[in-house]
Amino acid sequence: MDFLKINNLNFKYDPSDPSDASADRFALRNIDLRITQGEIVTLCGPTGCGKSTLLKLLKREIAPAGELSGDILFDGKELSSLTAEEQSRDIALLFQNTEDQIVTDKVWHELAFGLENLGLSQSDMENRIAEIIAFFRLESISRSDTGALSGGQKQLVLLSSLLAMSPKLLLLDEPISALDPENAETFISALKRLHAQTGITIIIAEHKINYVAPISDKMVVMDDGRIICADEPNIALWEYKKLLPPIKRESEDASGKSDDQSVTPPAVTLKNVFFRYTKKSPDVIENLDISFKRGKCHAIFGCNGAGKTSLFNLISGLYKPQEGKIVFSDKKPKIAYIPQNVELLFIADTVEKELADTGLNKANYPDYVNRLNLSSSPFDLSGGEKQLLALAKISALNPDILLMDEPSKGMDTNLERIMQSELKRFTENGICVIMSTHDLEFAYAVSDLCSILSMGRLTGFKPAEEFFETNKLYSLK
Amino acid sequence: MIERLHPLTIFIYFLTVSMLPAFSRNPLLHLLCLITGSVMLFTWTDVKNILKKVPFFILFFLIISLFNPFFYHNGDTVLFYVAGRRFSLEALLFGADSALMVTGVGLWFISLSHYMTSDKVLLLFGTISAKAATIISLVMRIIPHYSLYIKSYRKHQKMLGLYGDGSFLETVRAEGKIFAGFLTWSLEHSMTTADSMTARGYGVKKRKSFRICRFRSFDILVICLSFILAAFLGLVLGKGYFYTEYYPTIKMPQQSVLSIISEAVYIIFSLILTLNHFIKAYYGFFKDKQS
Chain R
1 MDFLKINNLN FKYDPSDPSD ASADRFALRN IDLRITQGEI VTLCGPTGCG KSTLLKLLKR
61 EIAPAGELSG DILFDGKELS SLTAEEQSRD IALLFQNTED QIVTDKVWHE LAFGLENLGL
121 SQSDMENRIA EIIAFFRLES ISRSDTGALS GGQKQLVLLS SLLAMSPKLL LLDEPISALD
181 PENAETFISA LKRLHAQTGI TIIIAEHKIN YVAPISDKMV VMDDGRIICA DEPNIALWEY
241 KKLLPPIKRE SEDASGKSDD QSVTPPAVTL KNVFFRYTKK SPDVIENLDI SFKRGKCHAI
301 FGCNGAGKTS LFNLISGLYK PQEGKIVFSD KKPKIAYIPQ NVELLFIADT VEKELADTGL
361 NKANYPDYVN RLNLSSSPFD LSGGEKQLLA LAKISALNPD ILLMDEPSKG MDTNLERIMQ
421 SELKRFTENG ICVIMSTHDL EFAYAVSDLC SILSMGRLTG FKPAEEFFET NKLYSLK
Chain U
1001 MIERLHPLTI FIYFLTVSML PAFSRNPLLH LLCLITGSVM LFTWTDVKNI LKKVPFFILF
1061 FLIISLFNPF FYHNGDTVLF YVAGRRFSLE ALLFGADSAL MVTGVGLWFI SLSHYMTSDK
1121 VLLLFGTISA KAATIISLVM RIIPHYSLYI KSYRKHQKML GLYGDGSFLE TVRAEGKIFA
1181 GFLTWSLEHS MTTADSMTAR GYGVKKRKSF RICRFRSFDI LVICLSFILA AFLGLVLGKG
1241 YFYTEYYPTI KMPQQSVLSI ISEAVYIIFS LILTLNHFIK AYYGFFKDKQ S
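Residue numbers (the numbering used here), protein chains in the order written: chain R, 1 to 477; chain U, 1001 to 1291.
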């Protein structure tokens, strides 16, 4: 028997909800899906294809308001006929924004939160928490403040707290889009172990299919509210790549961009810069001596904690170096900084007002703004759309130097291509673009010069093609 | 060791030890409270740290001591006149006694706030109401999260040119916008938190609090002793054995057998956890070394 059965599901957002652009069209159309117990299913497709909506409809308490037709059978029962207790216990949903889902201030309490709600006895709670701590190896952080955890740890704690309630169905909404490769791998391997041990049914909506395809039994490709293909990963991947072809590096024109590298004037030069956060902490940036060129896109790689964000904070002037100098070629250069959390740049309650804030009006919008719903709140956009909005805001400032921390976060390849052409326009206008990223494909496609930050220093910048060819670990092979 | 006690025990013990002298009017009890409170500090911090705090406490002590004689002009022994008003010895000593009491209680509370970590406060409230405990935990989570956010929010908006030329008017306008932006952000995000709570069954059933501490017999002993001490000393205090009169002239209470016993009991009781702490902490290591 099918564990989860969706029959001819149609869904239209409540027209009175102004936050959604698709109010007058169906967000989901004719969805038919069958999932057997113990399967891992990946939902994928371009931004706005309806995968998040579908996930949320499977969790009744937080299902969006709107017109719904068709039926959803969960474990042989109509989903709407489940009691509130069954719903919260049997179906677990991890949504996109990790930070906001954490309710309590201590890890142990976060793990206990769902169990407290279900009113379990003290000894039952102790047992389940002990089990989950041991399984996910959370012992060393079990008494920590949740605020002090890293992004990957927060994700794992949330997952554990859901699993402590021993659900039958686990729904994950873009669980690894915001994670760096190291944490993404940890998360995936935790899922794999969990599945091997418990045989739980898992549905994952995700852009980063490279991570999830290998562990999936089935992949469901969606576009514009419909299911295009629901099949084994190797077949579905083919459909997916047709829909979202991978981003490519534009071939260099005959003028040979890489040749004039040495003569391009620098926009900013760091001379023997040292930086640390407190008197007693070690140097994060240590004797860094490098220059960033005008009209070039620089990509900086490096693991978490290598000091990429510190470097950006130094260039942007948010921090001052304790030793050494940062010299700009222009007297008063305009520096723009798109941080990893792009929401820090938002100040208005609609996208339109947000754009007006930096002096953009309908007449001078960049093309890609059409993709965004102007009347929606900037916070309601998807991760990739937020990046686009931030990019539009920043480009209106005409910066001389543009710093970007993980610009491809949450983007599908369609949005990445927009970013690519924008970056190209920037560099052609002589802007010095510096970005830090974990996304090698994206970096290869957009950057001119690449370098790795490690032990507080950058390796010398190399042209992207040479960099990816000569490096053994940082390569696309 | 004190951090191993149940939060309820810690709470009751510290309150008893610090509040009994606070309700008395007797410099000797206040002095004892100050001394035992200082000794308690050594259970969790070192001499260097305590010495750093000494100037603050001396200043605190002087301010409170001098506050009284400048505003109360009773007392027969006039030391001098300030702006035509009497500055009396009695008022000065009364001020000093109050300062002694406030400093002593303050020292106990510093230790209390060290031992009552947020886990423990939560546990204490959890026993009263599971809902209250959730709200406290939520707030404890949100405050540092929000304050970090607003700091970097301000920085990034400044880079976007929000503060303009930095003139007063521009700054006021910008701070207003920052606040509105922060409010929008926090509302949007608290919706997600609320969703996360609902999705995990908040409000489905009667909530139970998960407890990470358990009562031991030692906890019960300390709580019982606290109540006995409170009853005994409360009775003695109520009978006026410790009452010192300051105005118009100072009259110290006569020492009697009962008051000496009371003082002894107070000293022992207020050192009981400190001694227990040091014995457990150091004797344990001695045993290790010998074996």
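Simulated from the structure, these hints should not be mistaken for laboratory data. Note that beta-carbon positions come from the ideal geometry of N, C-alpha and C, so glycine has one too. Please note that the accuracy of each hint is not assured.
In silico DSBU-like links for lysine-lysine, alpha-carbon gap of 30 Å or less [said to hold, decoys possible]:
1) K218/R <-> K271/R
2) K192/R <-> K208/R
3) K77/R <-> K241/R
4) K1155/U <-> K280/R
5) K1208/U <-> K362/R
6) K1155/U <-> K320/R
7) K1155/U <-> K168/R
8) K362/R <-> K1206/U
9) K1177/U <-> K1120/U
10) K320/R <-> K331/R
11) K248/R <-> K279/R
12) K424/R <-> K1206/U
13) K208/R <-> K462/R
14) K332/R <-> K1151/U
15) K1208/U <-> K279/R
16) K1205/U <-> K154/R
17) K424/R <-> K1155/U
18) K12/R <-> K331/R
19) K271/R <-> K424/R
20) K280/R <-> K332/R
21) K154/R <-> K1120/U
22) K1205/U <-> K77/R
23) K334/R <-> K1158/U
24) K1048/U <-> K280/R
25) K192/R <-> K271/R
26) K280/R <-> K331/R
27) K1048/U <-> K154/R
28) K1155/U <-> K334/R
29) K353/R <-> K1053/U
30) K1206/U <-> K280/R
For the chain R half of the interface with chain U, some residues (derived, Cβ under 7 Å), not all of them [claimed, not checked]:
31) A63
32) A65
33) S80
34) E86
35) L93
36) N97
37) Q101
38) G114
39) E116
40) N117
Here's how the hints hold up against the structure:
1. K218/R <-> K271/R: violated, 53 Å
2. K192/R <-> K208/R: holds, 16 Å
3. K77/R <-> K241/R: violated, 36 Å
4. K1155/U <-> K280/R: holds, 25 Å
5. K1208/U <-> K362/R: violated, 54 Å
6. K1155/U <-> K320/R: holds, 14 Å
7. K1155/U <-> K168/R: Violated, at roughly 45 Å.
8. K362/R <-> K1206/U: Answer violated: K362/R to K1206/U is near 53 Å, above 30 Å.
9. K1177/U <-> K1120/U: violated, 38 Å
10. K320/R <-> K331/R: Given that 30 Å is the threshold and the Cα spacing comes to 18 Å, the pair holds.
11. K248/R <-> K279/R: Given pair K248/R, K279/R is violated - Cα atoms ~45 Å apart, limit 30 Å.
12. K424/R <-> K1206/U: violated, 58 Å
13. K208/R <-> K462/R: The hint holds at about 27 Å.
14. K332/R <-> K1151/U: holds, 25 Å
15. K1208/U <-> K279/R: This hinted pair is violated, its Cα atoms lying about 45 Å apart.
16. K1205/U <-> K154/R: Satisfied, since the Cα-Cα distance of roughly 26 Å is no more than 30 Å.
17. K424/R <-> K1155/U: holds, 28 Å
18. K12/R <-> K331/R: violated, 54 Å
19. K271/R <-> K424/R: holds, 28 Å
20. K280/R <-> K332/R: violated, 33 Å
21. K154/R <-> K1120/U: holds, 22 Å
22. K1205/U <-> K77/R: The given pair, whose Cα atoms are some 22 Å apart, holds under the 30 Å limit.
23. K334/R <-> K1158/U: Cα-Cα ~12 Å, so holds.
24. K1048/U <-> K280/R: The hint holds at about 18 Å.
25. K192/R <-> K271/R: Given pair K192/R, K271/R is violated - Cα atoms ~47 Å apart, limit 30 Å.
26. K280/R <-> K331/R: With a Cα-Cα distance of about 34 Å, the restraint between K280/R and K331/R is violated, given a limit of 30 Å.
27. K1048/U <-> K154/R: violated, 37 Å
28. K1155/U <-> K334/R: Cα-Cα ~15 Å, so holds.
29. K353/R <-> K1053/U: Violated: K353/R and K1053/U sit about 51 Å apart, past 30 Å.
30. K1206/U <-> K280/R: Measuring from Cα to Cα gives roughly 49 Å; hence the hint is violated.
31. A63: Check failed: Cβ of A63/R comes no nearer than 10 Å to chain U, outside 7 Å.
32. A65: violated, 13 Å
33. S80: Constraint on S80/R not satisfied, violated at 16 Å.
34. E86: violated, 10 Å
35. L93: Cβ of L93/R sits 5 Å from chain U, so the hint holds.
36. N97: Cβ of N97/R sits 5 Å from chain U, so the hint holds.
37. Q101: With a closest approach of 4 Å, the Q101/R hint holds.
38. G114: Since the shortest Cβ distance to chain U is 4 Å, the answer is holds.
39. E116: holds, 5 Å
40. N117: At 4 Å from the nearest chain U Cβ, N117/R passes the 7 Å test, so the hint holds.
The structure is inconsistent with the numbered hints 1, 3, 5, 7, 8, 9, 11, 12, 15, 18, 20, 25, 26, 27, 29, 30, 31, 32, 33 and 34, although it conforms to all the rest.
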